[in-house]
Amino acid sequence: MQDKLIARAKELLAEGKVQKVVGWKKGLFEDDITPAVFSSAEELDKDFVFNKYCAANLSKYLVGITRKIEIAKSTTRMNNTMAKQRDPNAQDAPIPQEHVLVFLKPNDTYSFTQLLKENRITRDDVYAIGVPCQDTLDGGDVCETCKNKKPVSCDELIGVEADVTPVESTRMAEVAKIEAMTADERDSFWKNEFSRCLRCNACRDICPACTCEKCVFDNNKLYTSQKVAQTNFEESLFHIIRAWHVAGRCTDCGECSRVCPQNIPLYLLNRKFIKDINEIYGDYQAGADMESKPAMLTFNAEGDPETTIVWDRSHDKEAE
Amino acid sequence: MLSITADKIDSLFELIGTKQPLYLPVDNNTGKADFKKWEKGVKLSSNLKTVRSAKDFFFPKTEHMVSYTMKGKEITMEDPRKELEDFVVFGVRPCDAVGFTVIDNVYLHMNPVDSYYKNRRDHGTVITLACNEPAKTCFCSTYGIDASLDTDKNGSKGDVSCWLADGKYFFEANTDKGKKFVEAAKSALADGDAKAVEAAKKDIKDKTEKLPFAHLDLSKFQGKDMLKIFNSKVWDKVSEACLGCGTCTYVCPTCMCFDVRDFDTGTDKGIRQIRCWDSCMYNDFTQMAAENPRHTQKERSRQRFMHKLMYYPMAHEGLFSCVGCGRCLESCPVNMNIVKVIKAVQETDDIGGDK
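Those sequence lines, one after another, are chains Z and V. Going letter by letter, the first sequence gives residues 2 to 321 in our numbering. Going letter by letter, the second sequence gives residues -13 to 341 in our numbering.
It should be emphasised that the hints constitute simulated quantities derived from the structure, not laboratory data. The beta carbon of each residue, even a glycine, is placed where N, CA and C say it ideally should be. Don't take every hint at face value.
[Stated by the list, open to error] Facing chain Z, a subset of chain V residues (Cβ under 10 Å, in silico): (1) Thr16; (2) Phe244; (3) Arg247; (4) Cys262; (5) Asp264; (6) Pro319; (7) Val325.
Make the full structure from the sequences, and use the hints.
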């Protein structure tokens, strides 16, 4: 598969269809692979790798890369306009054209699509190739219960089928287990998990749904800017606020848990939101297509239950 | 040499831990280890490394520095520094112990002395534990650190050296604080044949010599080519994937930058001033009133590696501010790390050097 991907990337480079390739680069060992940008056949031959350790979701890198491409275009356009004002006969400089090839595993294509939907990536700048998850890719629970197996928004596919019927997923089993806990049990479960948190921000910075220019937790003009916990349980506030912020936008790619140096099962927070959204507003899968309206932006006073956390939980209890 | 059989080590912990705070590497529910305070039932981890380094004991992630309150025109200041209880940290790896030396150079041996750091340093007894099973990500020997605790270059031995050999833990005091510890532990210890320790040392040395990065080539980092390395094109590539998250700096035993923050306590115009770890990976690091000299992640990544491999050794007699613990190799979300940087700099052709 690796050879196929390299061959196709070289072809697209040679045809001039793309100028850059976003892929995975060999590391010091078999398993420490780094996302990288390749721009020549030599570089691809030397360092491009595709194996079961290529877990990294490359979609988020496209935000920065396509931004640069668009800035180059608009700068040239502006310069052309200004040149015309000085001299009406001035020749337009050609608008620079650049395209980037990206390899996306099925689950990664959901992040890609979600970013397209949120206008964070310019679609025309990207040539997306869907590739299979290498069979033995070990992403733990996130992989085992993955629902996003049908590649979406790709220009072409290599080694992966276009139309996969999602297998009945047990991805909410862990969430249901935590829901079934008493409030105290749940509190101590999360306190134990969060007690290990370093607040290193890896979960936020790897997250394809976290693309704010300036994160609320980094903004020194706001009281929320914190490298320091003010209370013992502050780490949980960070994680809960983060989970709220990506609610309805999280595609369940699992990168937050994968990169956590302390193995905190952060995906469970996001899945809780996914579960709630599905139960309250009907099935919704972020990043599944370009057409469906975002779940959290389509409240309908006629049909949707106007639920709140407090109301909903007490209502459940009464029903029991 | 004084020793205790491995299955009795809990009785030693109990003897020490009931008298003063004792910290040791303990497994958490994910099988990884972190330093935890000993209490009955707490078991020593068999993991080689803790996720967080041992620097936390002397340079905690957050530290309360001072509080102010104002009533009318009266300003009262409260210094939260108290007389600390003496504490013991057991199971510090030799690389982490050298990490303390790296921080000491800045916070203890320069003017002014960091009194918060000194306070903790004075009260902590460090017991280093030799590394019977070094990992493939370890490269302490590149910096001349001896994982077998045979030599004491750079201070890797701590106050007490400890070896696990032939089913026993052996102890050897290196400092006065160390002697005090051994004295206090004496009733739990028995004489043991130190031959086993010698065999263990040799075994560890053989193993470290066989590690993939046992002796990385550092010839370009000898204080000559600073500007050439600084201006090298290599940084564009090595910083490409960096997310700017700061994980590497937080798990690093030698990263010691901090930020200072004021918090409004809400009463009597009170201010609580705290210092907390900062990271050169963050976009507000070195943010000044008018400008930030490091605009992109390239400049930030360069700062981190240049500091560890050039600036620090130039200021501190050639001592590198990296101890080869390998935590950044294991924790980086995108697997970028200092070994890859060293190799990339050594291989690039736009820097001179001995090669």
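Item to complete: Identify every previously stated hint that the structure contradicts and give their numbers, smallest first.
Response: none
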